[in-house]
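Trainee: So you can see what is in the structure, the chains are spelled out below.
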Amino acid sequence: MGLEVDIIFKIAGVGIVVAFLHTVLDQVGKKEYAQWVTLFGFIYILFQVASIVDDLFQKIKSVFLFQ
Amino acid sequence: MTFSRKLNQSFCFNRKGGSTIEIIKIVGVALIATFLALIIKEQKPNFAFLLVVFVGCVIFLFLVDKIFEIIHMLEKLAVNAKVNMVYVETILKIIGIAYIAEFAAQITKDAGQGALASKIELAGKIIILAMAIPILTVLIETIIKLIPS
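Protein sequences, first through last, are from chains A and B. The first sequence runs 1 to 67 under my numbering. The second sequence runs 1 to 149 under my numbering.
One thing to keep in mind: the hints can contain errors.
[Claimed, not checked] Below, in silico cross-link-like pairs of lysine-lysine (DSSO-like), each with a Cα-Cα straight-line distance of 30 angstroms or less:
1. K82(B) with K119(B)
2. K119(B) with K59(A)
3. K82(B) with K61(A)
4. K61(A) with K25(B)
Hints are computed from structural coordinates only; laboratory data are not their basis.
Between the sequences and the hints, there should be enough to build the whole structure, so can you do that?
Mentor: Rendered as structure tokens:
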């Protein structure tokens, strides 16, 4: 379970950092950069969540005798 | 990283602690995730949503070994009772479909799409009914045989 707890903190940290960067870039006046930062953070997290959802579905398939 | 490792150590007192330690671990992870989601939700709601999905997957992956043991026991019981394995397999598949549909419906409802959640539930019910058709057919044929013509 240790790895997963690390990833939970990683997701939360990326969220906080992205929110901070978004605010700062907005204040400076670079609105398009702020949008890009949000988008890349979201894609990074989405990739990790998608990989674990895939893992979950594989486990369900093997446990509940699909195939 | 050090903080999370310390937290992890404090939640895993010893590896062979039995089920009491495991429930404490799961509750700890869920509470931490809830606080983090509350913090992020003010700034970025979509990140909080992904965090919740992730924690749901983690908790199920933690439980999956125990579910496997339970199902193994059920299978052994069915083999000993000489039940046809097709029926047991169908029932296990139905449980799996019900779990996946429930998971997706809860997450969709959490994200605010109640209509989509009820569609997922409808799809789960219909697929389960379609999988149960062979069992239902056998049941109805048996009942008809019992009735003297």
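Trainee: Run every hint past the structure and note whether it holds.
Mentor: Evaluation of the provided hints:
{"no.": "1", "hint": "K82(B) with K119(B)", "verdict": "violated (38 angstroms)"}
{"no.": "2", "hint": "K119(B) with K59(A)", "verdict": "holds (25 angstroms)"}
{"no.": "3", "hint": "K82(B) with K61(A)", "verdict": "holds (25 angstroms)"}
{"no.": "4", "hint": "K61(A) with K25(B)", "verdict": "holds (25 angstroms)"}
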